[in-house]
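Trainee: Quick note, the sequences are listed as chains A and B, same order. Letter 105 of the first sequence, counting from 1, is numbered 105 in our numbering, and no numbers are missing. Numbers given in our numbering equal positions in the second sequence, counted from 1, plus 1000.
Please keep in mind that the hints were generated in silico from the structure rather than gathered at the bench. Beta carbons are placed, not taken as given, at the ideal position from N, Cα and C, and that holds for glycine. Worth double-checking, as some hints may not be accurate.
Derived list of chain A stretches under chain B, where covered just means 3 residues or more per stretch with a C-beta under 8 Å from a C-beta of chain B [what the hints assert, rightly or not]:
1. 34 to 42
2. 47 to 60
3. 90 to 100
4. 103 to 110
Derived, one-sided and incomplete: chain B residues facing chain A with beta-carbon distance under 7 Å [said to hold, decoys possible]:
5. 1016
6. 1042
7. 1044
8. 1047
9. 1049
10. 1053
11. 1054
12. 1165
13. 1189
Covered by chain A, according to a simulated footprint, are these stretches of chain B (three or more residues, beta-carbon under 8 Å) [as the list claims (entries may be wrong)]:
14. 1083 to 1091
15. 1132 to 1146
16. 1176 to 1187
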Amino acid sequence: MNSRRRSGFTLLEAIVALAVVSIVCIGVLAAQGSALRAESIANARLPLAELARDRIAAVDMFDGSLNETPDTLKVGTFPPPYDMVQWHVRVEPVQGTTSLWSITAVTTSGADSVSLSSRRYRETASPSR
Amino acid sequence: MNARRRSGMTLIEVMVALTIAGIALAAGAAVLGFLTDQQTRAIGNAVTRPASIRASLRDWIAGAQLTTAGDVRFAGSRLVDAANRSYSSLEFVTSAPTPVAAGGDATTRVKLVFAPATGNVPAQLVAELSPFPAGQPIVLPIRDSISAFDIRYRANVSRASPWIDSWVSTSVLPAIVEIHISAPREDLLTVPLAVLVGERR
């Protein structure tokens, strides 16, 4: 800052300073980008979660024994506009019990997938409520 | 870079240059942020609204109840519009949480009202929610521009039990309620929604 002796920065020093600043900028932008990606993934999975709930509800409404659920409750696709979403449902007794069932519905659309699990008590003798 | 004569830039020059560059970057980032914000909000609304409304409808119907107090009834009927097309309406009291009552003992009267198309106004579906037995109602738009609204009922979960077009009762709840919303533009709400009334544990 002394006007008699304007030594100043060299180009090299300025380049280094700019490099540091741009690395910080890149970090901020990368963080923002990944936040946006996370949001879009969340948005894509929300309907999948609701559709998985739908499939568990379908098992709830099945009046037969959960030992032998029909194929129509095990795997399929949804009506449009969700015809690109595949689902499959696994129903199995919770280990060591006879009347407690674990129901897992998985909905898949491309790379996005949602798995929803629930447990139900159903006496094997009288399946309907 | 000449070792003999290191004139270079002064600190002030570098600071001014960096400040200008910083302001330009900040402005660019702000504009970019604003644009992406607008876009994600639009996409987010289009996705989250149908999903949350569908989940609410399911919860409200699953929590439908009949009590001896007042004029509680489960009333799902068929009506006919001016063009002689039939459509459904449904009114019930639920113990599920709603925007007007916390749920449990604080119950809500839910009325699903389909307003058929009149003139240029396309048909729309709204939910009238009022705290039960008394309180200020609110109107919640469910879906606009729909072409049909049909609800059918089953007396029990047995597959032999037939679908019924209307269900009006003060003493018996249907076991299953199935809602069909048809619309030119399809989304999560146009996927048929079948709900088991009451909890099955």
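Trainee: All the hints need checking, so say for each whether the structure fits it.
Mentor: We went through each hint and held it up to the structure:
1. 34 to 42: holds (count 3)
2. 47 to 60: n = 9 at 8 Å, threshold three: holds.
3. 90 to 100: violated (count 0)
4. 103 to 110: With 0 residues closer than 8 Å to chain B, the segment 103 to 110 of chain A misses the three-residue bar; violated.
5. 1016: violated (12 Å)
6. 1042: violated (11 Å)
7. 1044: holds (6 Å)
8. 1047: With Cβ-Cβ at 5 Å, under 7 Å, it holds.
9. 1049: violated (10 Å)
10. 1053: violated (10 Å)
11. 1054: holds (6 Å)
12. 1165: violated (19 Å)
13. 1189: violated (10 Å)
14. 1083 to 1091: n = 0 at 8 Å, threshold three: violated.
15. 1132 to 1146: violated (count 0)
16. 1176 to 1187: Contact hint for the segment 1176 to 1187 of chain B vs chain A: holds, 3 residues under 8 Å.
Comparing the model with each earlier hint shows violations of hints 3, 4, 5, 6, 9, 10, 12, 13, 14 and 15; every other hint is respected.
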